[in-house]
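Construct the entire structure; sequences and hints are all you get.
Residue numbers (the numbering used here), protein chains in the order written: chain A, 10 to 503; chain B, 10 to 503.
One thing to keep in mind: the hints can contain errors.
Which chain B residues face chain A? A few, computed with CB under 7 Å, are given here [said to hold, decoys possible]:
no., residue
1, PHE143
2, LYS147
3, ALA162
4, ALA175
5, GLU422
DSSO-like, lysine-lysine: derived pairs with alpha carbons at most 30 Å apart [as the list claims (entries may be wrong)]:
no., chain 1, residue 1, chain 2, residue 2
6, A, LYS147, B, LYS403
7, A, LYS489, B, LYS421
8, A, LYS403, B, LYS73
9, A, LYS147, A, LYS283
10, A, LYS421, B, LYS87
To be clear, the hints were calculated from the coordinates, so they are not data collected in a lab. By construction, the Cβ of each residue, glycine as well, lies at the ideal position given by its N, Cα and C atoms.
So the chains spell out like this:
Protein chains: 2
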Amino acid sequence: MGGLAFLLLPFLAPMATTAVNPALRALASLNLQVFPTFQPNEVNNYSVYYFEQKVDHFGFYNTKTFRQRYLIADKYWKTYDGVILFYTGNEGDITWFSNHTGFMWDVAEKLKALLVFAEHRYYGDSLPFGEDSFKDAKHLNFLTSEQALADFAELIRHLKRTVPGADGQPVIAIGGSYGGVLAAWFRMKYPHLVVGALAASAPIWQFEELTPCGVFMKIVTEDFRKSGTKCSESILRSWGAINRLSNTGSGLPWLTRTFHLCTSLNSEDIQRLKDWISETWVNLAMVNYPYPANFLKPLPSWPVKVVCQYLTNPYMSDSLLVQNIYQALNVYYNYSGESRCNNISETTIGTLGSRVWGYQTCTEIILPFCTNGIDDMFEPRAWDLEKYSDDCYKQWGVRPRPSWITTVYGGKEIHSHSNIIFSNGDLDPWSGGGVTEDLSDTLVAVNIPEGAHHLDLRSSTDTDPPSLQLARSVEVRHMKQWISDFYGNYRKQP
Amino acid sequence: MGGLAFLLLPFLAPMATTAVNPALRALASLNLQVFPTFQPNEVNNYSVYYFEQKVDHFGFYNTKTFRQRYLIADKYWKTYDGVILFYTGNEGDITWFSNHTGFMWDVAEKLKALLVFAEHRYYGDSLPFGEDSFKDAKHLNFLTSEQALADFAELIRHLKRTVPGADGQPVIAIGGSYGGVLAAWFRMKYPHLVVGALAASAPIWQFEELTPCGVFMKIVTEDFRKSGTKCSESILRSWGAINRLSNTGSGLPWLTRTFHLCTSLNSEDIQRLKDWISETWVNLAMVNYPYPANFLKPLPSWPVKVVCQYLTNPYMSDSLLVQNIYQALNVYYNYSGESRCNNISETTIGTLGSRVWGYQTCTEIILPFCTNGIDDMFEPRAWDLEKYSDDCYKQWGVRPRPSWITTVYGGKEIHSHSNIIFSNGDLDPWSGGGVTEDLSDTLVAVNIPEGAHHLDLRSSTDTDPPSLQLARSVEVRHMKQWISDFYGNYRKQP
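Shown next as structure tokens:
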């Protein structure tokens, strides 16, 4: 499935040549839309449209335009008292998001909703300069969250002007992960266009110093600690074991064989091997779903628990410990038994469209990560902005502005806004940078104890835990309130 | 006084070559900071600083920076329970605004305020490309309200980081005219940085179709109608008189003599003559202050009343009516008796810095004006966006985006915001596009019946009418509330 691979690869690929920190590569996981690929409850029928957008909303010199793709589904829409649910597309092909955001399809009838899925510029089929879009920093210049939000704003005004019945309707922004961040920011910056936002697993506080840089990996560690006795301890000790083994004469070929690697390890590959393993633990934490799920390869329910069954004794010999690590990794990489060998340097696979998320993480979306080996199960690594910036410059010809996002979107000072639901799964490492406590009556946190990464946006299933069902019902209740508030005010007008 | 001339000239100059409508040139009056030049109540001592700003806040390709000028006055500042009053500089030299915003200096002691006056990019000493800033559309590309607001945001964060005591202080945005619009927009877009805004004479609804295009000139007309019997009727009839006279053989030299023009009229100059007269009526309405004021040339108190003393009989002969028009204009142009001749084509005077406002009115700040000769005293002229756009393209190489401002700032749908005072003078034609009724408990309108263009921002005088005194006290009361709310919340924090 092309769309899936396209979205999943970035966590393996885009930062690989620049990342200074294995946790850092986890930022690419914002791009990693990982969740069960259950069949939707119904066939998702949508129509595909294009809207002519300005390449540069914030200047008048560049008059170029491009076609933004968006999808429309109106099966259950009622123009009298319905709503427009507007998916604020994130870093990927919008058809994929449409197919994997079952929640919107599930609530469409109940809310009499028109569904709109808007593609994020520079992704999927919405390329400002076609094939040249990713050519260099000059062509990538218009890939910012502000431009993307302006696209959404122009598109909503366009729909209100051109779709009969849309003008008198409330609009609700919905998104997950980076798309959830965009949904929240959109409500903050364009409250005249959306009556509210559902921001699922949106780490709006993962920026600058709003959240300690170690929290993300601490949550990953916590997932493993809770999933089996001595599990996180085993992982913590494994790094030393790998280091020691790699220093022996026969260690490198032994590690190559033990991890079933496709190519032989050199001594300079050891860091990459450890990063690859770290990323695997991060990804497992993100997809630690309560039911069997088909990720790149299929996974069992509660996969971290299954992994931890192999990691119960940290105090065995280096070689035995590392062999157990391999068995644990194998749950992730070879659950189906079809994998022939593991490739730890997947840096060139994937389309340009997926790699461009790396540009965003090198400009605006600067997410500081660090580990210390005490509060987490990883080798200590500090957040090194200078190195990060140098790597970004090498790869993209740009340097990050780490304070910009908090300057423009407010950081923690967002109390004056209203009507945003922040949903988070406690198991999701991204919840560390999310809003997990109510900020006001209308800035509400919905926490899902058994939830991983924006599980609530998926289609409902028979095995959904009660906390997930409750979360979705709270979300719908808030949305209904916004809708009735809108019609209350709207119909009052002369 | 250089600064004064610099700011005053644009209403004569910048649109002259492109305007299709005399009312349109009035839009340059946003630039026309017209008010009594009373001595401030005290010597305004400030220090001048510069802050390095990104030329492009919304992209990462252009890494150029420029020095933004700002002024600081801290005489009365108290860091324990004070406030930062932040003037959101508009289209001109910031030292001039600092000297002519006596209100801020007047309330500084009462509010224990640090005063900051931030210069708007592309004006005064804050030129992104130095001498080349106005060279072409490419260099002007970064002159937008969004970039200016981002400058303010970065500057506030800079002050909070670097000025001891500033970090724990609330900030209030203050501005008049276009600067008032910016103050309101700044609170809307950056509510995390300012606890509130005083937006004086800010025509935030003069855009798109939010306000009928005829309202502006209707208010001008109303000022004249109320200031003397048959006054507006006389002006209405004068256009026909001028037209008829200009069609006679001796008419053009007669008009040249009668209006004491510096150069002889040709028949193609007649429209320009009528535009020049129209602009004079507009400007008189804007500076129709209750006390004698020194505008370009000094004016009496209630100058429109004085003008109307010459315009009491619309039904005399064409030549007598036109002679009376001249006498009336003379109140404005030659109150001091020093003028030798009148120049109706002041299109090349002024600095580039002042002309650049014309660029803004050709890109974002699109203010539709029209007249019909029925509800107003002017010759009928429709709002012709196509012609306007063509003229803009000829002059600046750019075309306007008339819907953009309402898309980005919300038009009339601003109810979800808070803590903005919209003050307007009933006599000010700009009040037509302003917010003159409360929108909520915290989006409040302050109307000044005897007020012209943002009189409330001026220094207080002994002859201030009670309505003006009341307006200022209401404004201060709201600001005090915002400040105490801030400290109430701030001090509650752990």
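We went through each hint and held it up to the structure:
At a threshold of 7 Å, the smallest CB-CB gap from PHE143 (chain B) to chain A is about 13 Å, leaving the interface hint violated. Here the hint on LYS147 (chain B) is kept, as its CB sits about 5 Å from the closest CB of chain A, short of 7 Å. Residue-level restraint check for ALA162 (chain B) holds (minimum Cβ-Cβ distance to chain A is 5 Å; threshold 7 Å). Nearest Cβ of chain A to the Cβ of ALA175 (chain B): about 15 Å, over the 7 Å cut. The hint is violated.
Using the Cβ-Cβ criterion of 7 Å, the hint placing GLU422 (chain B) at the interface with chain A is satisfied: the shortest such distance is roughly 4 Å. A hinted pair counts as satisfied when its Cα atoms are at most 30 Å apart, and LYS147 (chain A) with LYS403 (chain B) qualifies at roughly 28 Å. A distance of roughly 24 Å separates the Cα atoms of LYS489 (chain A) and LYS421 (chain B); the hinted pair therefore holds under the 30 Å criterion. Distance restraint check for LYS403 (chain A) and LYS73 (chain B): the Cα-Cα separation of roughly 19 Å lies within the 30 Å cut-off, and the hinted pair is therefore satisfied.
Between LYS147 (chain A) and LYS283 (chain A) the CA atoms are separated by roughly 35 Å; this puts the pair beyond 30 Å, and the hint is violated. Proposed proximity of LYS421 (chain A) and LYS87 (chain B) is supported: the alpha carbons are some 26 Å apart, at most 30 Å.
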